[in-house]
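There are 2 protein chains.
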Amino acid sequence: MIDARKTLRLGAFMRPVSIHAGAWRYPGAWRDANFSFPRLSYLARKLEAGRFDAFFMADHLAVLNMGTEALRRSHTVTSFEPFTLLSALAAITSRIGLVATGSTSFDEPFHVARRFASLDHISEGRAGWNIVTTSNPDAALNFGLEEHLDHAERYRRAREFFDVVTGLWDSFADDAFPRDAASGTYLDPARMHVLAHQGEFFRVRGPLNIARPVQGWPVIVQAGASEPGRQLAAETAEVVFAAPNGLADARALYADVKGRMARIGRDPDHLKILPGAFVVVGASDEEAREKRDLLDSLVHDDNAIDSLSIALGHDARRFDPDAPLPEIPESNASKSGQARAIAIARAENLTVRQLARRFAGYAGLSFVGTPKTIADAMEEWLLSEGCDGFNVMFPYLPEGLDAFVDQIVPELQRRGLFRTEYEGRTLRENLGLPRPANRFF
Amino acid sequence: MIDARKTLRLGAFMRPVSIHAGAWRYPGAWRDANFSFPRLSYLARKLEAGRFDAFFMADHLAVLNMGTEALRRSHTVTSFEPFTLLSALAAITSRIGLVATGSTSFDEPFHVARRFASLDHISEGRAGWNIVTTSNPDAALNFGLEEHLDHAERYRRAREFFDVVTGLWDSFADDAFPRDAASGTYLDPARMHVLAHQGEFFRVRGPLNIARPVQGWPVIVQAGASEPGRQLAAETAEVVFAAPNGLADARALYADVKGRMARIGRDPDHLKILPGAFVVVGASDEEAREKRDLLDSLVHDDNAIDSLSIALGHDARRFDPDAPLPEIPESNASKSGQARAIAIARAENLTVRQLARRFAGYAGLSFVGTPKTIADAMEEWLLSEGCDGFNVMFPYLPEGLDAFVDQIVPELQRRGLFRTEYEGRTLRENLGLPRPANRFF
Chain U
1 MIDARKTLRL GAFMRPVSIH AGAWRYPGAW RDANFSFPRL SYLARKLEAG
51 RFDAFFMADH LAVLNMGTEA LRRSHTVTSF EPFTLLSALA AITSRIGLVA
101 TGSTSFDEPF HVARRFASLD HISEGRAGWN IVTTSNPDAA LNFGLEEHLD
151 HAERYRRARE FFDVVTGLWD SFADDAFPRD AASGTYLDPA RMHVLAHQGE
201 FFRVRGPLNI ARPVQGWPVI VQAGASEPGR QLAAETAEVV FAAPNGLADA
251 RALYADVKGR MARIGRDPDH LKILPGAFVV VGASDEEARE KRDLLDSLVH
301 DDNAIDSLSI ALGHDARRFD PDAPLPEIPE SNASKSGQAR AIAIARAENL
351 TVRQLARRFA GYAGLSFVGT PKTIADAMEE WLLSEGCDGF NVMFPYLPEG
401 LDAFVDQIVP ELQRRGLFRT EYEGRTLREN LGLPRPANRF F
Chain Y
1 MIDARKTLRL GAFMRPVSIH AGAWRYPGAW RDANFSFPRL SYLARKLEAG
51 RFDAFFMADH LAVLNMGTEA LRRSHTVTSF EPFTLLSALA AITSRIGLVA
101 TGSTSFDEPF HVARRFASLD HISEGRAGWN IVTTSNPDAA LNFGLEEHLD
151 HAERYRRARE FFDVVTGLWD SFADDAFPRD AASGTYLDPA RMHVLAHQGE
201 FFRVRGPLNI ARPVQGWPVI VQAGASEPGR QLAAETAEVV FAAPNGLADA
251 RALYADVKGR MARIGRDPDH LKILPGAFVV VGASDEEARE KRDLLDSLVH
301 DDNAIDSLSI ALGHDARRFD PDAPLPEIPE SNASKSGQAR AIAIARAENL
351 TVRQLARRFA GYAGLSFVGT PKTIADAMEE WLLSEGCDGF NVMFPYLPEG
401 LDAFVDQIVP ELQRRGLFRT EYEGRTLREN LGLPRPANRF F
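Sequence lines, in order, name chains U and Y. Residue 1 is where the first sequence starts when you use full-length UniProt numbering, and the numbers rise one by one after that. Residue 1 is where the second sequence starts when you use full-length UniProt numbering, and the numbers rise one by one after that.
One should not assume that every hint holds.
Simulated restraints on C-beta separations [claimed, not checked]:
(1) Y:G199 <-> U:G67: 34 to 44 Å
(2) U:G67 <-> Y:G265: 29 to 39 Å
(3) Y:A190 <-> U:R317: 53 to 63 Å
(4) Y:E327 <-> U:F440: 25 to 35 Å
(5) Y:A437 <-> U:R251: 57 to 67 Å
(6) U:D267 <-> Y:L294: 47 to 57 Å
(7) U:Q231 <-> Y:E327: 30 to 40 Å
(8) U:F440 <-> Y:G246: 21 to 31 Å
(9) Y:S226 <-> U:E200: 33 to 43 Å
(10) U:F440 <-> Y:D293: 36 to 46 Å
(11) Y:R156 <-> U:D269: 51 to 61 Å
Keep in mind that the hints were calculated from the coordinates and are not lab data. Nothing here was measured: the structure is a model prediction, and the numbers come from that model. Ideal Cβ placement from N, Cα and C applies to all residues, glycine included.
Sequences and hints are given; from them, build the entire structure.
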């Protein structure tokens, strides 16, 4: 019996197919995967065969790179909407978790609560909610807004949104539906709660018009690494999708967030910290590095500066590309993304152009090497409390994903670091998370 | 070769499983079908085996019957959200159309356009949008609103919402995505249109972040029978879900709407009028009537008055149950529902209680009898230009649906009134509707 605290949790991070801007140009890659439910079905089934915890669907609420040359190069311009995609995948899988990104910035809590509850019922308890606030100014323009809320206001709104959504999920006790044909009692109204929420941002009466989710609540996932993001995670998250710069940074984040949990009386085991990890596997470490180099070379120059602009929240085309990064004023961009870009530039003494190329491919944590090299690194991160597992990013599809499932998963299983069968039927059961009590019953 | 103009189109109207309040109490009925994706999968597959045009998912944005005794009796209190359900059904079917109800009252055009486009891609061209405006006051309270827009304003908003959604669907030409790896051109920006809509109710920049739907636009479905509803249908609808009181009424509606189309230069064949028809089949006409009587007897008294209240937009508990219906002032309720209730009460000289019982079961068009009796009626309606087909309501599940597919469909096929194989792959192809041109390319 493996000690559950010492095994990895693995999510698959599917940002319209791959996060890497060059992925669709890689030899043999499925260029049409963004349009193709059969392709995505293959990938989801393969991940389930590899016993992945979850298929994690990132999202944006606008075409990115608007008005730039990079638009022409970008495969993220078209993407399935997360709920429609994940519900369809629910019907053709049986165990893998299905995590949808849902923004609190331009939607109604009633709609969001209802869609997640429905996905959780349809998948028989496999839904997760990646709560994000949307900082992309292009998105605001699709919803009649010229200006975004500022960072602090976005987080206050996100917190209230979370409270309303979870309150709506608790509209019905688990025994609220006797469905007794003889007496004609379908519902026991005494086991139904009317939320009647009135807050700073929302007024929502309720109840939700769907039974409580199978998992009580879908699994709560967050990504913010800023100060309010960490506190919100410690209070509410069950999975954190982290983006540390290295193991030392990861260990600091791990200790910080789990420490915050302990201070407010939450069991630190009830939150799984999963850094995003870009994984390129080869028969030798050298072959893997060559694959990574080939992939990065497929990023078009147009993409590079624009990706950096998005990370910084400033137009990087105005900077001298061959000079060091200038001082960057505060903006409404994601604070963690901006801070990471600046940190990398300063730490490695990169020019704007060099930094831009890193950002256009993938600038975050990556493991490149043989299955043994990669398993060694993952084991070190796990055992040194740098993480509870990883949200894996595949460099190109299907080969990068197939290679992970066929080569790295067996190596992790051989070491006792990863499951060989799913432990339970729901995402919560597989992640080792408790089912939340209903606050009203 | 059957003349396509003389064959029936059949939709299956699935209002959380059945429209009839007594359906879940019928002997042998699936009481848990509202919670069960496997049950709904069975029903969708059976409808597809019966060559139905579409699975039509009605919707509400609130728990109905709030604060009344009928709440305890109502199986509509819990329901899957349409997009999550229909996407999951898309994955386990291949030909049947998937029509989701989408309200224009409490959602954003960008979200609605995107979900329908995604469902249309995932289903490979089988999506339809039932456009409704929401008049239920309980729904408004779930979205921070105390008062609904008035009837005229709701329709103006619906029309603008439609224009924005269809404009967003046209964001990309069909050839916008060359995905040419050699040159690094994924998208041709010259084949992308930025909508930049500014209207009375919405400001939406666009473009939509998903390729144009497979069908160009999902099939446009409407139900309103009021004066502005008919005009909106003639201008924009491709399927009308009608609720006539009888054949004469149906023929008048048919002639009116198709006449309006001709006057504005639309081909009247490009809109299919499908009255809702509640169908109870038996081995003899008498057995069928007994089934209907048993079903109606299973409606609890609590339901009756409350159903009437919803139809009228007034609390019918205040009326003398054994007196005729009093004069009803105008309200914000659906004008067509209110008018129908008043018309039935006056025409049949019903007391409030009698009228209430009719409304709680199903007060609209119904065909009750043997397969021959029902096919005779459907044939008469079709050939006398009362309709282009029906949106069938099943009295209880699965038996009522199984009986329709196993007994009535073969009788209709024998008469040459219904297809024996799907004509095409998309819902448009099966309905005989043209693919809309892209207004920008």
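Going through the hints against the structure:
Taken as a hint, the range 34 to 44 Å is violated for the pair G199 (chain Y) and G67 (chain U), whose Cβ atoms sit roughly 23 Å apart. The hinted window of 29 to 39 Å between G67 (chain U) and G265 (chain Y) holds, with their beta carbons roughly 38 Å apart. Checked against the given bound of 53 to 63 Å, the beta carbons of A190 (chain Y) and R317 (chain U), roughly 21 Å apart, lie outside it. In this structure the hint that E327 (chain Y) and F440 (chain U) lie 25 to 35 Å apart at CB is violated, the actual value being about 43 Å.
Checking the proposed 57 to 67 Å range against A437 (chain Y) and R251 (chain U) shows it holds: the Cβ atoms sit about 59 Å from each other. In this structure the hint that D267 (chain U) and L294 (chain Y) lie 47 to 57 Å apart at CB holds, the actual value being about 54 Å. Taken as a hint, the range 30 to 40 Å is violated for the pair Q231 (chain U) and E327 (chain Y), whose Cβ atoms sit roughly 60 Å apart. Take F440 (chain U) and G246 (chain Y): their Cβ atoms lie about 48 Å apart, and the range 21 to 31 Å is violated.
Roughly 39 Å separates the CB atoms of S226 (chain Y) and E200 (chain U), a value that falls within the hinted 33 to 43 Å. The hinted range of 36 to 46 Å is satisfied by F440 (chain U) and D293 (chain Y), whose Cβ atoms lie roughly 41 Å apart. Between R156 (chain Y) and D269 (chain U) the beta carbons are some 55 Å apart, a value that agrees with the proposed interval 51 to 61 Å.
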